[in-house]
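As given, the protein sequences belong to chains F and G, one line each in that order. 69 is the number that numbering that gives the first Met the number 0 gives to position 70 of the first sequence; each next residue is one higher, with no gaps. 353 is the number that numbering that gives the first Met the number 0 gives to position 354 of the second sequence; each next residue is one higher, with no gaps.
Calculated directly from the structure, the hints in this document are not laboratory data. No experiment lies behind these values; they were computed from the predicted model shown. Some clues are possibly wrong.
Which residues of chain G face chain F? A few of them, derived with a C-beta cut under 8 Å, are [to be verified]:
no.: 1; residue: Thr-126
no.: 2; residue: Ile-141
no.: 3; residue: Glu-142
no.: 4; residue: Ala-144
no.: 5; residue: Met-145
no.: 6; residue: Asp-214
no.: 7; residue: Pro-393
no.: 8; residue: Ala-395
no.: 9; residue: Leu-396
One-sided and incomplete, this derived list gives chain G residues near chain F with beta-carbon spacing under 10 Å [stated by the list, open to error]:
no.: 10; residue: Lys-24
no.: 11; residue: Gly-129
no.: 12; residue: Ser-136
no.: 13; residue: Gln-138
no.: 14; residue: Glu-198
no.: 15; residue: Ala-388
no.: 16; residue: Gly-389
no.: 17; residue: Leu-391
no.: 18; residue: Ser-397
no.: 19; residue: Tyr-398
Note that CB positions come from ideal geometry on N, CA and C, so glycine has one too.
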Amino acid sequence: MRQFLRIALLIFYWSLIAPSYSQPIDVEPQIARDLRTIVGSGILRVAISRFDIPPFHRHRANGSIVGKEPELAYQIGRALNVRVAFVDEADTFENVIRLVAEGQADIGLNALPQNYAAAATIRFSAPYMTLRHALLYNRTTIAQEANGGPPQDVLREFRGRIGVIAGSPFVAFADQNFALATIVEYSGWKKAIDGLRNQEVDMLYDNEFEVRRILKDDPAFQVSHGAAVMTDRLAFLAIAICDSCAKLQEFINYFLAQNRITFSIDALLATSTTD
Amino acid sequence: MKPDNSTTPAKRNLNAGTLSRYLTKPQVTLAAIAIAIALGLSRISVVENLRPIGEVYLALLQMSVLPFLMAAIPLAMRSAIAQGEAGRLLVRVIVWLALITAVIAAIGIIAPLIVFGLHPISLATVTGIGGLVSEASRQVDIEFAMDLSTAASGAINGEQSNGLLDFVPSNIFAALSSNQITSVLVFIIIFGIGMAVTERRTGNSLRAALTHLHDVCLLIFGWLNLFVPFGIIALIAPQIARLGSGVLLILAQFLILFAAISIAFIGASIVLTARAIREPLSKAFNALMKPLALVAATRNAIACTPLAVDVMTNELKVSRAGCELFIPLEFAILRIGFVLHFAAATIFIGTLVGRSFTISEMVLIGVLSTVASFGTIGLNGPAGLASFAGVLRPFALSYELALPILLVVDPIIGMLRAAVTVAVTCAVAALAGGRQQGEDLLDLQSQSAE
Chain F
0 MRQFLRIALL IFYWSLIAPS YSQPIDVEPQ IARDLRTIVG SGILRVAISR FDIPPFHRHR
60 ANGSIVGKEP ELAYQIGRAL NVRVAFVDEA DTFENVIRLV AEGQADIGLN ALPQNYAAAA
120 TIRFSAPYMT LRHALLYNRT TIAQEANGGP PQDVLREFRG RIGVIAGSPF VAFADQNFAL
180 ATIVEYSGWK KAIDGLRNQE VDMLYDNEFE VRRILKDDPA FQVSHGAAVM TDRLAFLAIA
240 ICDSCAKLQE FINYFLAQNR ITFSIDALLA TSTTD
Chain G
0 MKPDNSTTPA KRNLNAGTLS RYLTKPQVTL AAIAIAIALG LSRISVVENL RPIGEVYLAL
60 LQMSVLPFLM AAIPLAMRSA IAQGEAGRLL VRVIVWLALI TAVIAAIGII APLIVFGLHP
120 ISLATVTGIG GLVSEASRQV DIEFAMDLST AASGAINGEQ SNGLLDFVPS NIFAALSSNQ
180 ITSVLVFIII FGIGMAVTER RTGNSLRAAL THLHDVCLLI FGWLNLFVPF GIIALIAPQI
240 ARLGSGVLLI LAQFLILFAA ISIAFIGASI VLTARAIREP LSKAFNALMK PLALVAATRN
300 AIACTPLAVD VMTNELKVSR AGCELFIPLE FAILRIGFVL HFAAATIFIG TLVGRSFTIS
360 EMVLIGVLST VASFGTIGLN GPAGLASFAG VLRPFALSYE LALPILLVVD PIIGMLRAAV
420 TVAVTCAVAA LAGGRQQGED LLDLQSQSAE
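Could you build all of it, start to finish, from the sequences and the hints given here?
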């Protein structure tokens, strides 16, 4: 009798479980976001910083975002046949990367240089602009340090105070390239330039475009401050792409190559930043 | 039938000699300079077409310089040794050169200090200069490699200077073919001494052949002199046009100051030359205007050597040894114009960045400017500015800032700088050598007889 009851219970439980194996799953499996899902959703979410980086991008008074990078985003959107939505919540370069890494944006376009730290959480497209690293330095301070020698000897092994934009890859680059210097982080370019002018720092470190833009906008500054570029330190500006978006990365690289999209410094410097 | 009056006596007399005298008159030269400046400032398209004409003219002038030096210097050496004057003349040249260099460096420092003290550089000028530097350098002063091994390999690949060894011609034909004036001068001086010594020992002489070569070169320069006014226009106008009036306005303060100092030194040199040879000032002025105008056009003192020597020895009758020996040497080695330029430009750059100088620093500027002028040996035009770094950097002044500024105005500054070199060198030759004495005249007579 006990044996019979045991078999009956087994059959009962089997009857409860058995259908779930035999019928197909009606819930879609969790598919990682990539080209198919982006096209399916009809929206390409583009992370961009809240602060402006003219002429790469800037916010207009009406809230729209214009510039070379938004133009590129729209071109990619058109190629994908999707709408472009900008996610402009990031207040630093790092946070633009974070938005992409956390899946709040599909790509990030923010004059972002490829770097090892970001490569751990996101993908990078092929570069659309290659810039040399550059220094904007106080001529008198560096000439005093050089003690009659050429300034590059001092710059190469700089031991003073060097300013960088906080949350930008140049914080890490400064650590790597100027190990003996004191790194001072500024929240934006205005504060960084004021810091250089007031001699809080002896020089600023960023890419060639930013340094040349500052000097072009304020020619008198070039009398007291000089620009030096490093021929063997390059910043490859690329599009940040979500980590799961292998197909999107392939698509964007093909798009950049096919359309020969490269930004040139001279063209960017010549671009007007006014409406 | 009426007689043909179309050919007047004046026109009949218009031969090559009178044409030459007319074309080399100071008034014609000054008019040519004025026309060149006006054409340059007008920036009409035809001005740029004048550039190749000017370059051809400059090449023609330069082609006979080395043969002339190869004839004139050995003859001068021989003449000085024969007169037993060489040592005394050398001492006099060194004393006058040292004195005049000190005066030039002092004025080059003090005059800008006074002028910029009375009329400080305005913010608008600073902004304008910043714009010029920005445009000229495309906002980048220095390009360097962080990786020293990369930088070192680049340096190894580049040409390296061997110091004094560069001035010794191991192969005189190679030095001649590559136009290494300083190396050639070293050879010619040694050759001249050798020629004088062997002449005494053996009685054999190259003098007749060298004198002939000397006269041929002067004749060629005489022909080229006919085209001096056209050469001036063709060489100066494109330089001014390239500069543009904007640059002239921004750097007007420095340009006017440098022009005023230069003209003062040129004037003083003409006065000193006239006094040294006891001739009227007008005669010295008329004669020296020829090489001065030519050097202003070519910005190349070496190219004007034959004309300067010719004018000094044949028109002003200055001692041949003093002129034929020391004028080429000083044009090649001690460029007085660069001393003035470096001294004045250091004060200008210092004022621009708000630096003041103590008296000991001013003395050091003078010394460094003189030393740096030797760094220009063998170099012409903007290439000579490289040694300016050695003047600026001890005072924590940026050479990278100064270079684009100096390059921008070098077409004008270069004219004045070269003219100062020529004028002061001629004055030193006259002061040290004096008027032609009996030996010189005998030399001339014997040359004529031969």
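> Do the numbers back the hint for Ser-136(G), that is, is its least Cβ distance to chain F under 10 Å?
Replying inline: Status holds, d = 8 Å.
>> Hint Leu-396(G) vs chain F: min CB-CB distance below 8 Å?
In response: Since the shortest Cβ distance to chain F is 6 Å, the answer is holds.
> Does Met-145(G) pass the interface hint, meaning its C-beta sits closer than 8 Å to a C-beta of chain F?
Replying inline: 5 Å, holds
> Minimum Cβ distance from Ile-141(G) to chain F below 8 Å?
Replying inline: Because about 4 Å separates Ile-141(G) from the closest Cβ in chain F, which is inside the 8 Å limit, the hint holds.
>> Next item in the hint list is Pro-393(G). Is there a CB on chain F closer than 8 Å to its CB?
In response: 5 Å, holds
>> Is the interface hint satisfied for Glu-142(G)? The criterion is a beta-carbon contact with chain F at less than 8 Å.
In response: Glu-142(G) check passes; min Cβ-Cβ to chain F is 5 Å, inside 8 Å.
>> Checking hints one by one. Is Lys-24(G) an interface residue toward chain F, by the C-beta closer than 10 Å rule?
In response: This hint is violated: Lys-24(G) lies away from chain F, its Cβ roughly 45 Å from the closest one there, beyond 10 Å.
>> Hint validation: Ala-388(G) versus chain F, beta carbon distance must be below 10 Å. Holds or violated?
In response: 8 Å, holds
> Per the CB criterion, is Thr-126(G) less than 8 Å away from chain F?
Replying inline: 4 Å, holds
> How about Gly-389(G): closest beta carbon in chain F under 10 Å, or not?
Replying inline: 8 Å, holds
>> Just to be careful: measuring from the Cβ of Gly-129(G) to every Cβ in chain F, is the smallest value less than 10 Å?
In response: 4 Å, holds
> Hint check: is the beta carbon of Ser-397(G) less than 10 Å from a beta carbon of chain F?
Replying inline: 4 Å, holds
In terms of the numbered hints stated before, the structure departs from hints 6, 10 and 14, listed from lowest to highest.
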